[in-house]
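Given only the sequences and the hints, what does the whole structure look like? Please build it.
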Amino acid sequence: MSPFFKRINKSMKTIIKAITGIILIGSFIGLLAYGLNYLQKPNALENVEKRLDEAAQKESVLTENEKKLETESQTKEWEEVDKQTDK
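Okay, so the sequence shown: first residue is 166 according to this note's numbering, each after it adds one.
Keep in mind the hints are simulated off the structure, nothing from the lab. Check the hints yourself; a few may be wrong.
[Unchecked claim] Simulated pairs of lysine-lysine, DSS-like, Cα-Cα distance not exceeding 30 Å:
1) Lys233 <-> Lys248
2) Lys241 <-> Lys215
3) Lys215 <-> Lys233
4) Lys223 <-> Lys206
5) Lys223 <-> Lys241
6) Lys233 <-> Lys223
7) Lys232 <-> Lys248
8) Lys232 <-> Lys215
[To be verified] Have a look at the derived ranges for each label pair, beta carbon to beta carbon:
9) Asp251 <-> Ala209: 29 to 37 Å
10) Asp251 <-> Glu211: 30 to 38 Å
11) Gly195 <-> Glu231: 45 to 53 Å
12) Ala183 <-> Ala220: 55 to 63 Å
13) Gln249 <-> Gly191: 54 to 62 Å
14) Gln239 <-> Lys206: 29 to 37 Å
15) Lys182 <-> Glu219: 51 to 59 Å
16) Asp218 <-> Ser238: 17 to 25 Å
Glycine included, C-beta positions come from ideal geometry on N, C-alpha and C.
Okay, structure coming up:
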């Protein structure tokens, strides 16, 4: 041991050990929380937002004719839904 630690009385050593223990336990809990957060799967909302972004990007690549066909198909689908709900 260094001469510094020899001069410290016994009560001071216990305080240093307690502080060191608190720091070690706190860092362990912090690393554990960080690791578990990293392993956590993204929630459903993030997946939906990602798919919407991909769809918007895909839609910008469509030609005018493809956009027209897509709009017609969506309109037809909504008309079918309206007919089913009106029954």
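The hints, checked one at a time:
no.	hint	verdict
1	Lys233 <-> Lys248	23 Å, holds
2	Lys241 <-> Lys215	26 Å, holds
3	Lys215 <-> Lys233	24 Å, holds
4	Lys223 <-> Lys206	25 Å, holds
5	Lys223 <-> Lys241	21 Å, holds
6	Lys233 <-> Lys223	15 Å, holds
7	Lys232 <-> Lys248	24 Å, holds
8	Lys232 <-> Lys215	21 Å, holds
9	Asp251 <-> Ala209: 29 to 37 Å	32 Å, holds
10	Asp251 <-> Glu211: 30 to 38 Å	36 Å, holds
11	Gly195 <-> Glu231: 45 to 53 Å	51 Å, holds
12	Ala183 <-> Ala220: 55 to 63 Å	57 Å, holds
13	Gln249 <-> Gly191: 54 to 62 Å	59 Å, holds
14	Gln239 <-> Lys206: 29 to 37 Å	31 Å, holds
15	Lys182 <-> Glu219: 51 to 59 Å	55 Å, holds
16	Asp218 <-> Ser238: 17 to 25 Å	22 Å, holds
Checked against the numbered hints given earlier, this structure breaks none of them.
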